[in-house]
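Participant: All chains, please: the whole structure from these sequences, using the hints.
Sequential numbering from 0 applies to the sequence shown in numbering that gives the first Met the number 0.
These are calculated hints, taken from the structure and not from any lab test. Idealized CB from N, CA, C, for every residue including glycine. Some hints here could point you the wrong way.
Lysine to aspartate or glutamate pairs mimicking EDC-like chemistry, simulated, CA-CA at most 16 Å apart [unchecked claim]:
id: 1; residue 1: K95; residue 2: D27
id: 2; residue 1: K110; residue 2: E288
id: 3; residue 1: K95; residue 2: E73
id: 4; residue 1: K105; residue 2: E43
id: 5; residue 1: K105; residue 2: E67
id: 6; residue 1: K335; residue 2: D312
id: 7; residue 1: K110; residue 2: D139
id: 8; residue 1: K340; residue 2: D315
What follows is a list of derived Cβ distance ranges for each label pair [what the hints assert, rightly or not]:
id: 9; residue 1: E16; residue 2: E46; range: 33 to 39 Å
id: 10; residue 1: F136; residue 2: E16; range: 23 to 29 Å
id: 11; residue 1: E43; residue 2: I160; range: 27 to 33 Å
id: 12; residue 1: D327; residue 2: A151; range: 30 to 36 Å
id: 13; residue 1: T198; residue 2: K95; range: 52 to 58 Å
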Amino acid sequence: MELVVFIVALGIFVLVELNYYRKHALEDLDLKVRFSKPVANCGETIEVIETAENNKKLPLPFLILKFETPTSLEFLDMTNTSLSDYLYREDMLTMKPFARHTRKIKAKCTKRGYYSFTRVNISTTDLLLMQKFNREFSNDANITVLPARVPAESLQTLLAITFSETMRRRTLLTDPFSFAGIREYMPGDPMKSINWVATARSNDFMVNQNASTATRRVSIFLNLDTYNPKKSKSLLEYSISLAYSYICELGAMGIPASLFTNGIDILTGTQVISNADITGDDTMRCGTELARIDLGCKTASFDALAEEYIVRDPNDEFIVVISPRFDDEFRETMKKIKRTKDSSMWVMPAYKMTPQAELDDTLVHSYLRLEVPGRD
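Facilitator: Listed below in structure tokens is the structure:
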């Protein structure tokens with residue numbers, strides 16, 4: 000008789016416990032996954048921060064936190080992580096009543112892009128582990144990974160040509176209202192040019208550098224059309240990195256630049272164009288725009304881009320076109336650019352096995368083949 004009573008009581012307890020957890024296990028439960036910073040450099044290690052809160056009296060014996068992330072964010076600790084098209088992460092813990100859990104997971108940013116966590120998931124059970132309960136939470140966390148920087152030695156020829164083109168028409172006069180950067184103090188510099196904030200940071204006298212009254216702008220045109228029948232993207236990625244690295248170097252030299260691309264921003268769905276002068280302080284903004292280019296989207300017409308911003312533009316500027324595409328149609332576009340702006344140059348990223356571009360007299364002296372390691 001006692002055994003029967005015990006079994007009945009146990010059955011009642013199980014039913015009550017299960018029904019109670021079924022109704023209340025997922026109440027007052029919250030999960031957020033965020034990044035430690037909104038913008039990161041390619042190759043930088045950041046933290047993915049999980050925060051789970053149980054804001055009720057009911058304990059949760061097992062709680063499994065789940066989220067997915069692109070493979071471009073590489074966890075340093077791959078425990079509880081499965082790999083397919085995405086990385087699927089699962090972390091298990093136990094939560095007491097009114098408890099908060101925070102876990103920081105180190106991840107390496109291996110590729111430029113815009114990444115987000117829009118959905119995260121929690122799974123839990125009742126005390127007797129008889130039934131699993133799931134809930135999906137909306138999440139708003141994103142990170143922009145800047146394009147990788149091209150080694151400085153790869154830019155030496157391009158920078159030397161740029162410096163020659165932009166300096167040859169500058170005057171000796173400087174514009175006191177045009178800021179071109181900061182440099183170390185030299186004998187003869189006036190006291191009024193000292194930048195006291197920069198001086199305090201570096202423990203050495205630093206002075207503001209004014210731009211020439213005739214500083215010549217560099218306009219960078221980035222063509223992201225496919226360059227072979229396989230529609231490979233490796234040289235397109237390199238071209239984006241080259242454009243970003245070039246802009247950073249120009250900013251350090253105090254040379255204003257602008258950027259025009261036929262690539263599409265993954266957030267806005269529009270072309271990435273920065274017509275305003277990009278100086279040292281603007282390179283981060285320009286880098287985030289380049290990072291958000293989606294190579295999976297159809298590009299806009301590069302010929303139309305050149306027609307609007309080069310052929311119809313009367314300004315005197317140095318034009319640099321970065322394009323791994325080199326077919327007949329593109330070379331005709333380059334000839335039109337060269338006839339309009341004699342001070343222009345075509346930089347063609349290529350692998351060693353990439354065929355040589357066929358050049359006539361119009362382009363032969365305005366062409367730079369930039370070979371990079373690897374192959375498609």
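Participant: Does each hint hold? Answer for all of them.
Facilitator: Consistency of the hints with the structure:
1. K95 <-> D27: Status holds; Cα separation ~13 Å.
2. K110 <-> E288: holds (15 Å)
3. K95 <-> E73: violated (31 Å)
4. K105 <-> E43: holds (10 Å)
5. K105 <-> E67: holds (15 Å)
6. K335 <-> D312: With a Cα-Cα distance of about 13 Å, the restraint between K335 and D312 holds, given a limit of 16 Å.
7. K110 <-> D139: violated (21 Å)
8. K340 <-> D315: Holds. K340 to D315 sits at ~8 Å (cutoff 16 Å).
9. E16 <-> E46: 33 to 39 Å: holds (38 Å)
10. F136 <-> E16: 23 to 29 Å: Because 25 Å falls inside the window, the suggested range holds.
11. E43 <-> I160: 27 to 33 Å: holds (31 Å)
12. D327 <-> A151: 30 to 36 Å: holds (34 Å)
13. T198 <-> K95: 52 to 58 Å: holds (53 Å)
Checked against the numbered hints listed earlier, the structure breaks hints 3 and 7; every other hint is satisfied.
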